[in-house]
Amino acid sequence: MLDGLNPPQQEAVVHGDGPVLVVAGAGSGKTRVLTRRIAYLINVLHRPAWTILAVTFTNKAAGEMRERVLSLAGEDAKEVALGTFHSVCLRILRRERSRAGRPNFTIYDPSDQQNVMKQALLTAQIRDPRMTPGVTLSLVSKLKNELIRPQAYVPASYTDELVGKVYPVYQELLRKNNAYDFDDLLSETVELFKAEPEVLERYADRYSHVLVDEYQDTNHAQYVLVTMLASKHRNLFVVGDADQAIYGWRGADIRNILDFERQFPDARIITLDQNYRSTQNILDAAHAVISVNTKRPEKKLWTDKDAGPLIRAFEARNEQEEAQFVAREIRRLVHRGTAEPRSCAVMYRTNAQSRSIEDAFIHEGVPYRIVGSTRFYERREVKDVLSYLRWLANPEDGVSLTRIINVPPRKIGDTSQKALNDWADINGIGLWESVQRASEVESVGPAARKALAGAAELFHELRSYATSHTAPETLEYVLGRTGYLKWLETEDDGRTRVENVEELMTVAQDFQDLPPEESLRSMLERVALVADADQIDESGGAATLMTMHLAKGLEFDVVFLVGMEDNVFPHSRSIQDPDQLEEERRLCYVGITRSKRVLYLTYAMSRRLMGRTERNAPSRFLVNIPEELFTPDSNKPRQGSNLDGGTGWGWNRWSSDEIEPARAPVPRITESTFATGDKVYHKIFGVGTVVATELSGGDEEVSVAFAAKGQMVTKRLSVLYSGLEHA
DNA sequence: ACCAGGCTTCTTTTT
DNA sequence: GAAGCCTGGT
1455 MLDGLNPPQQ EAVVHGDGPV LVVAGAGSGK TRVLTRRIAY LINVLHRPAW TILAVTFTNK
1515 AAGEMRERVL SLAGEDAKEV ALGTFHSVCL RILRRERSRA GRPNFTIYDP SDQQNVMKQA
1575 LLTAQIRDPR MTPGVTLSLV SKLKNELIRP QAYVPASYTD ELVGKVYPVY QELLRKNNAY
1635 DFDDLLSETV ELFKAEPEVL ERYADRYSHV LVDEYQDTNH AQYVLVTMLA SKHRNLFVVG
1695 DADQAIYGWR GADIRNILDF ERQFPDARII TLDQNYRSTQ NILDAAHAVI SVNTKRPEKK
1755 LWTDKDAGPL IRAFEARNEQ EEAQFVAREI RRLVHRGTAE PRSCAVMYRT NAQSRSIEDA
1815 FIHEGVPYRI VGSTRFYERR EVKDVLSYLR WLANPEDGVS LTRIINVPPR KIGDTSQKAL
1875 NDWADINGIG LWESVQRASE VESVGPAARK ALAGAAELFH ELRSYATSHT APETLEYVLG
1935 RTGYLKWLET EDDGRTRVEN VEELMTVAQD FQDLPPEESL RSMLERVALV ADADQIDESG
1995 GAATLMTMHL AKGLEFDVVF LVGMEDNVFP HSRSIQDPDQ LEEERRLCYV GITRSKRVLY
2055 LTYAMSRRLM GRTERNAPSR FLVNIPEELF TPDSNKPRQG SNLDGGTGWG WNRWSSDEIE
2115 PARAPVPRIT ESTFATGDKV YHKIFGVGTV VATELSGGDE EVSVAFAAKG QMVTKRLSVL
2175 YSGLEHA
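Using my numbering, the letters of the first sequence map in sequence onto residues 1455 to 2181.
Calculated directly from the structure, the hints in this document are not laboratory data.
Each hint should be verified, as a subset may be incorrect.
[Unchecked claim] Keeping only pairs whose Cα atoms sit at most 27 Å apart, straight-line, the calculated BS3-like set for lysine-lysine is:
#1 K1872 to K1837
#2 K1686 to K1532
#3 K1630 to K1759
#4 K1619 to K1572
#5 K1753 to K2050
[As the list claims (entries may be wrong)] Distance ranges between label pairs, derived from CB positions:
#6 P1970 to K1940: 20 to 28 Å
#7 R1716 to E1972: 41 to 49 Å
#8 T1804 to P2032: 34 to 42 Å
#9 R2066 to T1950: 30 to 38 Å
Every value quoted in this text rests on a predicted model; they were computed, and no experiment measured them.
Glycine residues also receive a C-beta, built at the ideal position from the N, C-alpha and C atoms.
Input sequences plus hints: build the corresponding full structure.
Following this line, the structure appears as structure tokens:
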């Protein structure tokens, strides 16, 4: 039962009743402890699986945990309530609202929230340029995470006062649309428990054990929620690492983990400090960075692994050279048999940095995949179609209705829409009702009235179809009956857009076996709660490109941390505030500890940022790592050299022709192997057409037109490196 | 009603 | 350097 676990891990797994905090450093086997503990609760302590609740932050983590628990504890474990905070709350809200006969509501994503907030700012007559919808939303979000309700909010500054004015308006708009935003899923669940203690009682009674992963990233609402759910049996088992708290900007409160002992005086604290992932050199580097932080309980990871290879720092002239270095280095490692592309990861601070990396990987023919940034569910056509479905599930959802009322174009212009909205407000009715009664609205012209009557009829028809059909059937019907698909084909990038819609159909098909009244709702729930991190997929032969935030919880043989420059990482917006700087430092710690063995830290002397070319000093984090951990050929800036903003950082720069020139014996190309008009195949871009080709320096540069990312894109590819083939 | 073109504003990080 | 917003023309 306890085989393969070290003593503190065993202690955590077999702990009896009462609160437990497992302080689990990076790579110390926390998922292992969590899954083994769940199996132990089921198999040894004979707790029924359905009385166990385990909460994670991503669906992917939940899925993996489910899989591992199933293999440890068998079929019974299916009954374990296991999910993200948001999905657990959604389940509770849906169930409780069904009891009250109002099962349907929409979950608004950030772009929907943006629309609602714009309207709220207008209604509240706030025209302060500081209060952009985005800024206001994040302030409101903070309040919700703190469980501060609009009426209980006490403004303490001018900005606060403005927030105090919009917050209730925003909230009222959500209510009118019968919608929740992400934060509401948490805060409304807590609110429900407060308002109806007997409901809480049911859940608290049911869950004999509550386990929480990544506890350092919980916010106040999550803390209260978890405490409530565990209030009856007091078996709260949380796992986390304060050094990996990187979501403070999203409302996570690191004090939840730091103060756990104080909040639960009888808590057992178990520390896992043996690292099973990384070499000693990596751990030393990570420790050198993190130990600068003041607000942390001192702890140090250890390993019985060897020192491992030294860390390589690389200074590039600009971001292109940096990216090229990374791509070539991976190619070199692969060529030498040291690593496979799939065991390599490139991590950056901001998504914008992926671009130059991507370009270089394409040029050098290194297979890659980017996680995040390209969000399927944020594409226009996907949002359009989802808006139809969301509106069908919830006719009060005016945001979705607004989105589709004139898509495809039905000659219902902005003026008419505004008139309908105003009329709805004046009469205290919803947008859908005012659409149906458009003929009563004086300010809507005759042509628009006719168009609206047509739309209303169409939408009625969709509605009656949807009530008796499943999600895929409804989707199909909507696409045909509205003419959306046909219209989409005529739009720019029609082909790829249609493909995206078809992709959505594949998602819908997962729900075809559910009864009609559940099918669509379930699909929309799934769609609402997918996150970038869920898309990470270790299979396949490609290197992974992602932000350091998304990398938390993952591990790779080879890790490149790129953009190691002050103002890039740490980010310029965090550099002044000590607390935010500490969070950046933790992020760096997370990045470093993703590596099992090989670590590269790269920085560029100059880099284009937001259109301008900037020169930044090497990152202070880089400077914190002791010299002796770097390879002799590293471009390592001298200790402390960049902290006072002085000139001359004293790095021992290589001249650019000393950059690793990929010495693998490569055949030279002396005559053209491709001709204009050839159909070619590229493993990333697929099939394309050659538009030009040119020989240069023993290589052939082929320009190929691909249909990529929704448009025809011409890429210059190296025949030598890109693996381009005749199709 | 719709389009094109020029303007601004961004960019952290995301369930 | 892109996407979104506004403006003014058709």
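Structure-based check of each hint:
1. K1872 to K1837: holds, 21 Å
2. K1686 to K1532: Answer holds: K1686 to K1532 is near 23 Å, not above 27 Å.
3. K1630 to K1759: Between K1630 and K1759 the Cα gap is close to 59 Å, so the pair fails against 27 Å, i.e. violated.
4. K1619 to K1572: holds, 13 Å
5. K1753 to K2050: holds, 20 Å
6. P1970 to K1940: 20 to 28 Å: About 26 Å separates the Cβ atoms of P1970 and K1940, which means 20 to 28 Å holds.
7. R1716 to E1972: 41 to 49 Å: Holds: the Cβ-Cβ distance is about 44 Å, inside 41 to 49 Å.
8. T1804 to P2032: 34 to 42 Å: violated, 21 Å
9. R2066 to T1950: 30 to 38 Å: holds, 32 Å
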